[in-house]
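Colleague: Letter by letter, the chains look like this.
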Amino acid sequence: MSDHSIDGPAYGSENRPILRIALVYMLTGFVIFLIMGILGLIMRLDHAGWWVISPNWFYRIMTLHGAGMVASLLMAALGGIIAILNRTVKLSARWLWSAYVVYSLSVPFLLYAVLIGGFSGGWTALDPLPYHGMTWSKSAGVMMYVTFLAVGVGFLIYCVHIFDAVRRKAGGVRRALAWEVIFSRKSNPQPYEPEVAELAAIATAIIGIVTVIGGVLVLAPLFAEAAGLVDHVNPLYSKNFIMLFGHSIANVTIYIAVALVYGLLPVYTKRGGHTTKFVALAWNFTIILVLTPPPHHLYQDFAQPLGLAIIGQVASWSIAPSVLLLTILGNLSYIYRSGMRWAVPSVMIALGFWGWVFGGIGGTIDSAIPANQLLHNTLWVPAHFHAYYLLGVTTFVWGYLFYLISDLSGVREKASTKIAAWLYGIAGAGFLLVFFFSGADSIPRRYAVHLPEWNLYAAIAVPFVLLTIFSLLWIIADMIRGLRGAWRNTGATK
Amino acid sequence: MTQKDILILFLVLSAIWTAIWFKVILSIPNIQPEEEVTANANTLRRRLAFPMIATLVILLTAVLYWSPYPIFRERTIGKPEVTVNVNSFQWGWILDTDTLPVHKVIEFNVTSRDVNHGFAIYNSEGRLVAQTQAMPGYVNKLIFKFDEPGEYTIRCLEYCGVSHHVMLATFTVD
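Chains as they are written, first to last, in our numbering: chain A, 277 to 770; chain B, 222 to 395.
The set of hints was computed from the structure by calculation and includes no laboratory data. Any given hint could turn out to be false.
[Stated by the list, open to error] With a cut-off of at most 30 Å between alpha-carbon atoms, the simulated DSSO-like pairs for lysine-lysine come out as follows:
| no. | chain 1 | residue 1 | chain 2 | residue 2 |
| --- | --- | --- | --- | --- |
| 1 | A | K694 | B | K244 |
| 2 | B | K300 | B | K362 |
| 3 | B | K362 | A | K690 |
[Claimed, not checked] Okay, the calculated bits of chain A under chain B, using three or more residues with CB under 8 Å as the criterion:
| no. | region |
| --- | --- |
| 4 | 330–336 |
| 5 | 407–416 |
| 6 | 632–640 |
| 7 | 646–652 |
Note that this is a predicted model, so its numbers are computed, not measured. Glycine is no exception: its CB is placed at the ideal position from the N, C-alpha and C atoms.
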């Protein structure tokens, strides 16, 4: 068995059914992520001019890639939380399976919309495009929104259960949110200190619930429009709420992924794992900092009330001091001069912090309104969120999955696999840098056909994508050795 | 400010961050007690908090002043002298003129008659110089002054369907 610290995950036989669910969430997310990655490669090959596909198929692939990546990485991150939370909180297999089944219904809906219905309106499905696509039917647009609904309802079931389970254990929401730690008083010398994973879980569950409510506020009128009950939905209203839903569901994923780091880092550094005042503050701020920046997606809608743009700007910039001083500095202090043991998960964590801040720098610059005027909807935007995802979310989540499988199976990693993890970081950084340079060169995002003078950027990016895939396959080859054992050691209690 | 300035700022900040990250990674073998590291981190946190927040507040004011919204643009580049109406559709642009004067303050009134589009102006070197969204039912006023004569290209920057990438138009500034 790989080693534990007192703060690291420890899995007993009593929680085997829940661990099986955690594995299913994570593996489902992982498999879809790999397929979506291949779709991403196809798009960059098209941009390089090496494998030209029709615009119709390019945009269908783009839609699948976006929706699939966002949904799969969220699902995998949620699986990780289940595994960690399971150590200290009583979870219901019935609730978690229900969430999984409803969430997974999004897959056939999405495939139907895109492959049969021909929907290629992008994963954000910005109203009124889905019902006025010209090349696909209104029913395909409706099916895309049904996909949203399945993800939203599945996520809601998960969040409500997690919220309730953590609240029950803590004896109240305020205690679960570590307010006794934040507002510690002399009259209460022993404030209730939730586990970091519990605090993170309830904070992100609150974000999830608000996000889904935002989604319902736009989906309900859009379904009413499809049913002919209303003529049309105000496009400024729908854009605000689609962005609230889309931004928050994507953005919360990195925070859920970071929660896994809090659970995993102590295993390798023998540090941290406690809900200090700074940790408590960071997670409480997270609730506000995920839900308030979405108006920055509408900076270029000058008809939007100015106050909302200012809120978007202030909220987006508030993330920088909060995340840097609380979360990043806190976690780096767990690593700094710690004697951290290098293994695939710890390499992935280290890479993840680099990528998170790297993407954050790009995002913070883009969230300045004058800079956004020159960068909005260029490749700078996917550069920023691919940095979050590729070198933030995936490194944290796959690092955790690697650990979990190794821990459950008792199969130790091969020493050489660490090289693959570092390669993943180098390949990702190269791929992302090219994206940022492309954005600075004003290349639009979501273009099926690139001008010949833009081809070079994608041509440089493709080898980095291939290296990413190669390093990931290398990691998988090692991880898969323990998969059967991990699977056997979960499920029904013997 | 151009994209080149933005890129340099990004690369400088990223290089600083990468140096910090390497310092942390390379420190790992030289073990120090957790309490000492935590205390140092808390001191650093206290020292950085105020300057960082103050810098952001100051920058925020500047950012708003230099934002592209008409209320600010009228102060930074002047009141509009020429008005151009822009309508958009899947997949094309309708401008009520194809020639615009150089060094004059121009107001583009941008809208759409179907779905959301992005009205983005590229100069003859292929650099994006200004943009606003084209949203059905709304008119977005983009105020801009062309300092360079030449041929400019309008590209759609909000994905609008399968011919999004060929939704182009040109106009001349002289």
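Colleague: Would you check the hint for B/K300 and B/K362, treating anything up to 30 Å between C-alpha atoms as holding?
Modeller: Judged against 30 Å, a Cα distance of about 12 Å means the pair holds.
Colleague: Within a Cα-Cα threshold of 30 Å, do A/K694 and B/K244 meet the stated pairing?
Modeller: holds (20 Å)
Colleague: Checking C-beta pairs, does the region 407–416 of chain A have three or more residues closer than 8 Å to chain B?
Modeller: holds (count 4)
Colleague: Within the assertion that chain B covers the region 646–652 of chain A, do at least three residues meet a Cβ-to-Cβ distance smaller than 8 Å?
Modeller: holds (count 6)
Colleague: Verify the proposed pairing of B/K362 with A/K690, using a straight-line Cα cut of 30 Å.
Modeller: violated (60 Å)
Colleague: Three residues minimum, CB to CB under 8 Å: does the region 632–640 of chain A make the cut for coverage by chain B? Let me know.
Modeller: Holds, because 4 residues of the region 632–640 of chain A bring their Cβ atoms closer than 8 Å to Cβ atoms of chain B.
Colleague: Quick check: do three or more residues in the region 330–336 of chain A have a beta carbon closer than 8 Å to a beta carbon of chain B?
Modeller: holds (count 3)
Checked against the numbered hints given earlier, the structure breaks only hint 3 and satisfies all the rest.
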